[in-house]
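Each chain, letter by letter, is given below.
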Amino acid sequence: MLKNRHIQGWLQAAPLSLVLLGFLILPIITIVVVSFWQATEFSIIPAFSLENYEFLFGSPVTYKVFFATFKYASITWAMTLAIGFTVAYYLAFHIKNQTTQIALFLLCTIPFWTSNIIRMISWIPFLGRNGIANSMLQSWGVIDQPLEWLLYSDFSVILAFVHLYTLFMVVPIFNTMTRIDHSLIEAARDNGASGFQTLTHVILPLTKPGIMIGTIFVLTLVMGDFITVRFMSGSQKANVGRLISNDIALLQYPSAAATAVILLITVLIVIGILLRFVDIRKEL
Amino acid sequence: MEKKSKSFYVLTAFFALFILFLYGPTLTIGILSFQGPGGGLTFPMQGASLNWFHELFQEQAVGDIWGSFRRSFALGLMVMVTTVVVSVMGGFAFRKRFYGSGILFYLIIASLVIPSILISLGVGLIFNQFGLKIHWATSGFGSQLTWTLPFGLLIMFAVFNRFDKSFEEAARDQGASPWQTVRYVVLPIIAPSLIGVGLFGFTLSYDEFARTLLTAGSYNTLPLEIFGMTTNVTTPVIYALGTLTTLFSLLIIGAFLLTVWVLGKRRARFGSDAGQGV
Numbered sequence: 001m002l003k004n005r006h007i008q009g010w011l012q013a014a015p016l017s018l019v020l021l022g023f024l025i026l027p028i029i030t031i032v033v034v035s036f037w038q039a040t041e042f043s044i045i046p047a048f049s050l051e052n053y054e055f056l057f058g059s060p061v062t063y064k065v066f067f068a069t070f071k072y073a074s075i076t077w078a079m080t081l082a083i084g085f086t087v088a089y090y091l092a093f094h095i096k097n098q099t100t101q102i103a104l105f106l107l108c109t110i111p112f113w114t115s116n117i118i119r120m121i122s123w124i125p126f127l128g129r130n131g132i133a134n135s136m137l138q139s140w141g142v143i144d145q146p147l148e149w150l151l152y153s154d155f156s157v158i159l160a161f162v163h164l165y166t167l168f169m170v171v172p173i174f175n176t177m178t179r180i181d182h183s184l185i186e187a188a189r190d191n192g193a194s195g196f197q198t199l200t201h202v203i204l205p206l207t208k209p210g211i212m213i214g215t216i217f218v219l220t221l222v223m224g225d226f227i228t229v230r231f232m233s234g235s236q237k238a239n240v241g242r243l244i245s246n247d248i249a250l251l252q253y254p255s256a257a258a259t260a261v262i263l264l265i266t267v268l269i270v271i272g273i274l275l276r277f278v279d280i281r282k283e284l
Numbered sequence: 001m002e003k004k005s006k007s008f009y010v011l012t013a014f015f016a017l018f019i020l021f022l023y024g025p026t027l028t029i030g031i032l033s034f035q036g037p038g039g040g041l042t043f044p045m046q047g048a049s050l051n052w053f054h055e056l057f058q059e060q061a062v063g064d065i066w067g068s069f070r071r072s073f074a075l076g077l078m079v080m081v082t083t084v085v086v087s088v089m090g091g092f093a094f095r096k097r098f099y100g101s102g103i104l105f106y107l108i109i110a111s112l113v114i115p116s117i118l119i120s121l122g123v124g125l126i127f128n129q130f131g132l133k134i135h136w137a138t139s140g141f142g143s144q145l146t147w148t149l150p151f152g153l154l155i156m157f158a159v160f161n162r163f164d165k166s167f168e169e170a171a172r173d174q175g176a177s178p179w180q181t182v183r184y185v186v187l188p189i190i191a192p193s194l195i196g197v198g199l200f201g202f203t204l205s206y207d208e209f210a211r212t213l214l215t216a217g218s219y220n221t222l223p224l225e226i227f228g229m230t231t232n233v234t235t236p237v238i239y240a241l242g243t244l245t246t247l248f249s250l251l252i253i254g255a256f257l258l259t260v261w262v263l264g265k266r267r268a269r270f271g272s273d274a275g276q277g278v
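Listed in order, the protein sequences are those of chains C and L.
When we follow the UniProt record's numbering, the leftmost residue of the first sequence carries the number 1, and every step to the right adds one.
When we follow the UniProt record's numbering, the leftmost residue of the second sequence carries the number 1, and every step to the right adds one.
Accuracy of the hints is not assured; some may be wrong.
[What the hints assert, rightly or not] If you only want the chain L side, here are some residues facing chain C, beta carbon under 10 angstroms, derived: (1) P25; (2) I31; (3) V81; (4) M89; (5) D207.
[As the list claims (entries may be wrong)] Below, a list of computed lysine-lysine pairs in the DSS-like style, where the Cα atoms sit at most 27 angstroms apart: (6) K237/C - K282/C; (7) K96/C - K265/L; (8) K208/C - K96/C; (9) K282/C - K96/L; (10) K64/C - K237/C; (11) K282/C - K165/L; (12) K96/C - K6/L; (13) K208/C - K71/C; (14) K165/L - K265/L; (15) K71/C - K237/C.
Hints in this document: simulated from the structure, not taken from any laboratory.
Ideal Cβ positions, reconstructed from N, Cα and C, are used throughout, including at glycine.
The task is simple: from the sequences and hints, build the whole structure.
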């Protein structure tokens, strides 16, 4: 009977396991193997070599690009957390009518199901040299010359990240907030806590799992990104993802694979640290 | 009625600004796609026209948009059906707490957090090494599943964590076979969530870029086609395309949400389907 349960479980999980084996585990193994290969301009040579890693760690570009990646990740994280927490708090504690709550929550999540590329493109008329932001600021007399750093800069990259990924903070934080027992908040108020004290001493600690899950989403999405940085910076800024995609464009697969391995290890370390603070299975 | 505090109004204003931030840019390109024939990528509007939508339907104007739309739509349906079936089976499997399920769970999380470009690169390399042809319906399909399945499974975990087992016990006590229990008791109860899984499967596939980049082969999907356009199209025709695909996405989302709503209404009206499973 006991044995039966395990066999049945694996049979039902077989399609899932096959997909993950073929399109997750095997690709990672292949990348690790290829990262030790050599390449000429025209072909890749399956011979063991450490030259990709030697080149990677010997190049100052690598450190600069990793630093930029962490910079994007940390600024985006701080902003999505601040905005996401505020929005989730508003929805969970200030909207009492459940139908309104669901409607507003859906309003926040609908953009998640539309195209990221289109959502990036849609910033151009807003941020461009003759865009809405510049013409508004000029007509108000705030600036004389159009601001050049609005588009194709670190600013526009981070703006797009916040625009695309705040959702990933709102949803898990809202989810944990709606499960907070309201009698705890009443108890805090009865004992004389101010609204702000209730927020920092009761709600914030109880929302930590949601914050952690949101953090995992945002950090991994930003660290693994290459397309937002490329598009929103007009190819003027770089992060690790772009380093990989540039190598791929030049058909330098072993070099791309080596960078990918280092990126993967970095992301896994970050996730490993975050998973110490939250048990995902318990939070679903 | 309790008097609204000052913080309520401050937060309402914040929320309204957030919604404006979310939707404002998309609405802007929606307006600009009606730009007159002489107009450019930014305001002011040089009159209003359907010129750029019209241009989308001219064969020579831009790449193979309609072909790529058909491919993305077909791929979206394939990924949707597969995601629903595999996620439901996986959800049932994890309820059994079988030996090794912990490792499989962490693989699902890994599939979610791994940088997309690694999947793209790895799958592309495998297909090249084994001399297989890279195609959106094979390598592209598998790569997208590594993104949609984790979402489907997380939803299934959430559903089964809240599932009242006494329904199944009642069915069993009344003499239902395991298959009848699943077919007439469990599946109808979880049906609305399955529609949610389908929504994730279709839309995430329809919009996927990074995991399809190196795995779609010579025939582009729609997001790849649109991205290609951003480098060489400098007219509002790209806004017209953006507006159309966004409207299509909204239509799909609306259809899914409507289905969930109708299911809920029906269930409330009919209450019980007792006797249907005989």
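Item to check | Unsatisfied constraints (hint numbers, rising) | outcome: 3, 6
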